[in-house]
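Residue numbers (my numbering), protein chains in the order written: chain A, 1 to 146; chain B, 1 to 146; chain C, 1 to 409; chain D, 1 to 409.
Just to be clear, a hint being listed does not mean it is correct.
[Stated by the list, open to error] Simulated DEER-style distance windows between Cβ atoms:
#1 C:188 to A:52: 48 to 58 Å
#2 D:181 to A:97: 45 to 55 Å
#3 B:83 to D:135: 50 to 60 Å
#4 B:51 to D:296: 54 to 64 Å
#5 A:43 to C:262: 17 to 27 Å
#6 B:99 to C:262: 54 to 64 Å
#7 D:135 to A:51: 47 to 57 Å
#8 D:257 to C:190: 38 to 48 Å
[Stated by the list, open to error] Listing some non-contacts, in silico: residues in chain B with all C-beta distances to chain C over 10 Å:
#9 4
#10 27
#11 51
#12 106
#13 113
Hints were generated in silico from the structure; no laboratory data involved.
Ideal Cβ positions, reconstructed from N, Cα and C, are used throughout, including at glycine.
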Amino acid sequence: MGIEQIYTEVLQEHLNSKRNKHPITNPTVRLNGVNPSCGDEIELELRMTDGVIEDAGYTGRGCAISQASTSIMIDLIKGKSVEEAVKLADTFFGMIKHEITDEEKLEILEDAIALKDISHMPARVKCAVLGWHTLKDGIATNPNNG
Amino acid sequence: MGIEQIYTEVLQEHLNSKRNKHPITNPTVRLNGVNPSCGDEIELELRMTDGVIEDAGYTGRGCAISQASTSIMIDLIKGKSVEEAVKLADTFFGMIKHEITDEEKLEILEDAIALKDISHMPARVKCAVLGWHTLKDGIATNPNNG
Amino acid sequence: MSNPFRKDFPILDSTFNNKPLVYLDNAATSQKPDSVIKAVEDYYRKQNANPYRGLYQLSVAATDAYEEARSITAEFINAKSSKEIIFTRNSTEALNLIAYSYGRSVLKAGDEIVIPISEHHSNILPWQQLVKEKGAVLSYLYLDKNGYLLEEDIENKITERTKIVSIAHVSNVLGTVYPIEKIIQKAHSVGAVVIVDTAQGIPHYPVDVKQWDVDFLVFSGHKMLAPMGIGVLYGKEELLDNMPPFLTGGEMIEYVYEQEATFAPLPNKFEAGTPNVGGAVGLAEAIRYINQVGYDTIQNIEEELRDHALKELSQIPDVVVYGETKAGRDRCGVISFNVEGVHPHDTSSILDADGIAIRAGHHCAQPLMNYMDVAATCRASFYFYNTIEDIDTFIHSLKKVRRWLGYGN
Amino acid sequence: MSNPFRKDFPILDSTFNNKPLVYLDNAATSQKPDSVIKAVEDYYRKQNANPYRGLYQLSVAATDAYEEARSITAEFINAKSSKEIIFTRNSTEALNLIAYSYGRSVLKAGDEIVIPISEHHSNILPWQQLVKEKGAVLSYLYLDKNGYLLEEDIENKITERTKIVSIAHVSNVLGTVYPIEKIIQKAHSVGAVVIVDTAQGIPHYPVDVKQWDVDFLVFSGHKMLAPMGIGVLYGKEELLDNMPPFLTGGEMIEYVYEQEATFAPLPNKFEAGTPNVGGAVGLAEAIRYINQVGYDTIQNIEEELRDHALKELSQIPDVVVYGETKAGRDRCGVISFNVEGVHPHDTSSILDADGIAIRAGHHCAQPLMNYMDVAATCRASFYFYNTIEDIDTFIHSLKKVRRWLGYGN
Ligand SMILES: Cc1ncc(COP(=O)(O)O)c(C=O)c1O
Ligand SMILES: Cc1ncc(COP(=O)(O)O)c(C=O)c1O
Numbered sequence: 001m002g003i004e005q006i007y008t009e010v011l012q013e014h015l016n017s018k019r020n021k022h023p024i025t026n027p028t029v030r031l032n033g034v035n036p037s038c039g040d041e042i043e044l045e046l047r048m049t050d051g052v053i054e055d056a057g058y059t060g061r062g063c064a065i066s067q068a069s070t071s072i073m074i075d076l077i078k079g080k081s082v083e084e085a086v087k088l089a090d091t092f093f094g095m096i097k098h099e100i101t102d103e104e105k106l107e108i109l110e111d112a113i114a115l116k117d118i119s120h121m122p123a124r125v126k127c128a129v130l131g132w133h134t135l136k137d138g139i140a141t142n143p144n145n146g
Numbered sequence: 001m002g003i004e005q006i007y008t009e010v011l012q013e014h015l016n017s018k019r020n021k022h023p024i025t026n027p028t029v030r031l032n033g034v035n036p037s038c039g040d041e042i043e044l045e046l047r048m049t050d051g052v053i054e055d056a057g058y059t060g061r062g063c064a065i066s067q068a069s070t071s072i073m074i075d076l077i078k079g080k081s082v083e084e085a086v087k088l089a090d091t092f093f094g095m096i097k098h099e100i101t102d103e104e105k106l107e108i109l110e111d112a113i114a115l116k117d118i119s120h121m122p123a124r125v126k127c128a129v130l131g132w133h134t135l136k137d138g139i140a141t142n143p144n145n146g
Numbered sequence: 001m002s003n004p005f006r007k008d009f010p011i012l013d014s015t016f017n018n019k020p021l022v023y024l025d026n027a028a029t030s031q032k033p034d035s036v037i038k039a040v041e042d043y044y045r046k047q048n049a050n051p052y053r054g055l056y057q058l059s060v061a062a063t064d065a066y067e068e069a070r071s072i073t074a075e076f077i078n079a080k081s082s083k084e085i086i087f088t089r090n091s092t093e094a095l096n097l098i099a100y101s102y103g104r105s106v107l108k109a110g111d112e113i114v115i116p117i118s119e120h121h122s123n124i125l126p127w128q129q130l131v132k133e134k135g136a137v138l139s140y141l142y143l144d145k146n147g148y149l150l151e152e153d154i155e156n157k158i159t160e161r162t163k164i165v166s167i168a169h170v171s172n173v174l175g176t177v178y179p180i181e182k183i184i185q186k187a188h189s190v191g192a193v194v195i196v197d198t199a200q201g202i203p204h205y206p207v208d209v210k211q212w213d214v215d216f217l218v219f220s221g222h223k224m225l226a227p228m229g230i231g232v233l234y235g236k237e238e239l240l241d242n243m244p245p246f247l248t249g250g251e252m253i254e255y256v257y258e259q260e261a262t263f264a265p266l267p268n269k270f271e272a273g274t275p276n277v278g279g280a281v282g283l284a285e286a287i288r289y290i291n292q293v294g295y296d297t298i299q300n301i302e303e304e305l306r307d308h309a310l311k312e313l314s315q316i317p318d319v320v321v322y323g324e325t326k327a328g329r330d331r332c333g334v335i336s337f338n339v340e341g342v343h344p345h346d347t348s349s350i351l352d353a354d355g356i357a358i359r360a361g362h363h364c365a366q367p368l369m370n371y372m373d374v375a376a377t378c379r380a381s382f383y384f385y386n387t388i389e390d391i392d393t394f395i396h397s398l399k400k401v402r403r404w405l406g407y408g409n
Numbered sequence: 001m002s003n004p005f006r007k008d009f010p011i012l013d014s015t016f017n018n019k020p021l022v023y024l025d026n027a028a029t030s031q032k033p034d035s036v037i038k039a040v041e042d043y044y045r046k047q048n049a050n051p052y053r054g055l056y057q058l059s060v061a062a063t064d065a066y067e068e069a070r071s072i073t074a075e076f077i078n079a080k081s082s083k084e085i086i087f088t089r090n091s092t093e094a095l096n097l098i099a100y101s102y103g104r105s106v107l108k109a110g111d112e113i114v115i116p117i118s119e120h121h122s123n124i125l126p127w128q129q130l131v132k133e134k135g136a137v138l139s140y141l142y143l144d145k146n147g148y149l150l151e152e153d154i155e156n157k158i159t160e161r162t163k164i165v166s167i168a169h170v171s172n173v174l175g176t177v178y179p180i181e182k183i184i185q186k187a188h189s190v191g192a193v194v195i196v197d198t199a200q201g202i203p204h205y206p207v208d209v210k211q212w213d214v215d216f217l218v219f220s221g222h223k224m225l226a227p228m229g230i231g232v233l234y235g236k237e238e239l240l241d242n243m244p245p246f247l248t249g250g251e252m253i254e255y256v257y258e259q260e261a262t263f264a265p266l267p268n269k270f271e272a273g274t275p276n277v278g279g280a281v282g283l284a285e286a287i288r289y290i291n292q293v294g295y296d297t298i299q300n301i302e303e304e305l306r307d308h309a310l311k312e313l314s315q316i317p318d319v320v321v322y323g324e325t326k327a328g329r330d331r332c333g334v335i336s337f338n339v340e341g342v343h344p345h346d347t348s349s350i351l352d353a354d355g356i357a358i359r360a361g362h363h364c365a366q367p368l369m370n371y372m373d374v375a376a377t378c379r380a381s382f383y384f385y386n387t388i389e390d391i392d393t394f395i396h397s398l399k400k401v402r403r404w405l406g407y408g409n
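So here's chain A without its partners, still in its complex pose:
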């Protein structure tokens, strides 16, 4: 069972997550994500320049899995273009849904691979994807992207 793995890996990030858990300076985009069935809420802030995510941070409340997953995501997307960020998100969703299993394809997810086993805990999948959905839904439609 994945729970030990998930919580030990996640743990590190959770402990460190304060690193990304703060408002950023001069954000260009603010995105809200909620998970009504848990009451989890995050606000994701991005500073975009020429289609590149220069800085990111989040605030809000939620479980270890949603917080850690969001924090890991922020580490990954900083310095990436919108297209690259969307690709990361899609890869993450693919991993969670067991649609992408090829290890090589998952490599770009780096630390986020630790959340692979969340698919064994279907009730928690929503937690793991909260930050990623907030990101994708937001930047895919946001006019202030560029």
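Please build the complex by placing chains B, C and D with the ligands on the supplied structure of chain A, with the hints as guidance.
Using the frame of chain A, we list chains B, C and D with the ligands on its own:
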């Protein structure tokens, strides 16, 4: 099982029932009985003088059991007082509900005793009591009784 | 008995008064195969929990079982998405849901609802209530003497004023199979939505909501091998999405504040309170069973039963059959009849003494009874687990009825 | 395990990840004893038919089974007559029935409905909908920090304007047992009717509607050993008699004409369509089982579990228990808590890995969560088949939670 008994005994009455199935002359009371779940409907007519049922007859539509039971009832109540008729009705209900089992007490029901086994056919009890209920509900409350 | 399915239905081995049960009231409710009874039992022995809200494995198992039942149901009627499947108690609740939620929000004074005169009370009363509340009009399509809808009524009564047409797929009294696609085309051409009540249809005929392009569809599990207490409302996603909720409470919400609330997306929006997971699991197994038998086989068996019964009935003097009396594709194995001079209740009681279960009464279709000018009828209705022997026993017993009541023969 | 009832519940022998199931989500739904599962199975194997309308013996058997379930239910809550028992799907449907039928016909603009802030969404949303439609007011009774209703709110908020007071017997979040008789007296003194939602009460405490003089009562079979899909609405005969029907259709009518209909007397008036006879049979058997165990025994076992759990929880640093933390009569074995710094979902997942099923979330009581200013809680809830060992396993696992999340211990 009672069905053979019921239908053979009932049969006689049913064949003869035309005897009581007609409007009467100068009725003093008209009573309507319906059984919505079957669509059975009867109209019972009585001619009362000084609290005595001088004549009775019925019209309407219904199954063999409701028609025969009503016809048997009419034979029984003719010439009886309201009190006697009510007592007959109560005895009949008691027999059907298995609350009166003492054969001697049932004797006053004469031919109607043939319907005793209807209690083995609970779905048909409503048919057997239609005429009797119409009678009792009507005369117990009717101002034209006397 | 050469019928290979009988052995799957434990109740069919019952006897009454030492006579084997001949169950011919399938239009009222079907019997249940062992596999359905066991699936429900298994659910309670191994997976029972309140679905959705628990994060523990048992609750996830219950949620999966429930949602799998929804997907199986969606696939069964070829719905676009399982979001279009709402579980209800039965067809009646599904029709009421449509009347309360869709009906109350779209209907205006003067608008019309059109239904055939042969509808089941469950497809009449919700509309009577609704038109009374809205000052709208309930208008009827009438039948010819063989039970078919009058062409001119279809043509003339479904008009620009019509907002809803609600029609049974198969009549529960006459067995008539109605021309659903034609009705849907006509109704859509005037901008009305169509509700198909396939309570009597789907046990016998496959249903494809996409092919029909039907707006709403309802049916009851208990008439198609599933337990009681589970039914289905299908609705097109766009329609359901725009409808206000019907029952409110747990599971169907998103956020709840003291004075207001927001609602969950489909399908949960329409499923307030703890759902009947056991019932849904039973329905899923019933669908699997039907798929395994196959509608072709079901129809082959039932057509043989129907044709045999119609032929035999036509040979008993003093028996009148209502509706279509000839064998034919648009006639299901639901046969209403009467024995001349004998009240249907007496016929039913006499058959019952021989172990034969048929229905007698108005079949929850009083307006049709009035229209046909009969007080009540007897009804024999078949399912694929019935046999030619069942029909023969029925016919044999039926021949004795008039004798029992003292008519010479 | 010295608990003599466990063996009756097959699911309690399950294992998850090789750990035996410790089922502590009884407030969500109870598990079912063998006898209940078998009673339902038996019904489908021996008695299944559509009740009421069939005149044959199988249908009479089904009718008898259904009506016997109604009588057993009436006796269980000491109703005056079985006409006062309406079978529904669950508590949620029963509350909606009252809101749609009674509420819509009596409520006027400016009238008030009073409920505690701790109610389940199913006892909030139907009233929100109703007051919105009627221009009426939904007013709340608040709680002190131990979960008890504020005396001054009972005194001041139930007034001449109040038409309906609807209250849970037992809170599904805090386990508080509310002073039902006092509320009823107060409400009746101002002429309001009282609805008691005993979904969380009747599994643990006897209910006597006559002694309470309650107007309406609702509960769900699935929380008291019965299958899902069956619930109960009790209403005083005079009230039910005067209410318009809610769902309309088959079985609930007397005469049906094209444009209008008359309705059947109680209880059928409120039961449209084919009822869930199997569910009712299961409920009847559940009641028999509870009566056999006895409420005294149930309470003795549960009080021991509750007291042990409260004591153990009080000794874990960083665990906060909501509501009444002391053992006592007016506190049911439903315990909400949180581990400091740990989201309830994480607590639940970690316990789940040890086979322990608890609930984490808002428990369908978001207004209470807001009022208590917490996003969510964990909840452990006991039934008489739980054991002290279950509690110990739970406590043992709970102690590890903070370590899993990297807090030093
Ligand atoms: C107090 C209370 N009321 C109502 C309900 C709703 O019950 P159901 O979901 O069975 O309708 C519940 C159960 O969740 C409850 O705890
Ligand atoms: C055509 C038709 N519609 C609706 C119904 C109502 O079904 P249920 O009683 O399961 O709600 C029936 C069954 O009696 C029926 O035959």
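Each hint tested on the structure:
1. Between residue 188 of chain C and residue 52 of chain A the C-beta distance comes to about 51 Å, which sits within the given range of 48 to 58 Å.
2. For the hinted restraint 45 to 55 Å between residue 181 of chain D and residue 97 of chain A, the CB-CB distance of approximately 54 Å keeps it satisfied.
3. Separation of residue 83 of chain B from residue 135 of chain D is about 58 Å and conforms to the stated range, judged on CB atoms against 50 to 60 Å.
4. Take residue 51 of chain B and residue 296 of chain D: their Cβ atoms lie about 58 Å apart, and the range 54 to 64 Å holds.
5. The supplied range of 17 to 27 Å is met by residue 43 of chain A and residue 262 of chain C, whose beta-carbon atoms lie about 19 Å from each other.
6. For residue 99 of chain B paired with residue 262 of chain C, a C-beta distance near 58 Å keeps the hint of 54 to 64 Å intact.
7. The given range of 47 to 57 Å is respected by residue 135 of chain D and residue 51 of chain A, whose C-beta atoms sit roughly 53 Å from each other.
8. At roughly 27 Å, the beta carbons of residue 257 of chain D and residue 190 of chain C sit outside the given window of 38 to 48 Å.
9. A Cβ of chain C approaches the Cβ of residue 4 of chain B within 10 Å, the least distance being about 7 Å, so the stated non-interface status is violated.
10. Every CB of chain C lies more than 10 Å from the CB of residue 27 of chain B, the least distance being 25 Å, so the non-interface label holds.
11. No beta-carbon of chain C is positioned within 10 Å of the beta-carbon of residue 51 of chain B; the least distance is around 35 Å.
12. Every Cβ of chain C is farther than 10 Å from the Cβ of residue 106 of chain B; the closest lies at roughly 23 Å, confirming the non-interface assignment.
13. Annotated as non-interface, residue 113 of chain B keeps its C-beta farther than 10 Å from every C-beta of chain C; the closest such distance is 19 Å.
Consistency with the previously given hints fails for numbers 8, 9, ordered from lowest to highest.
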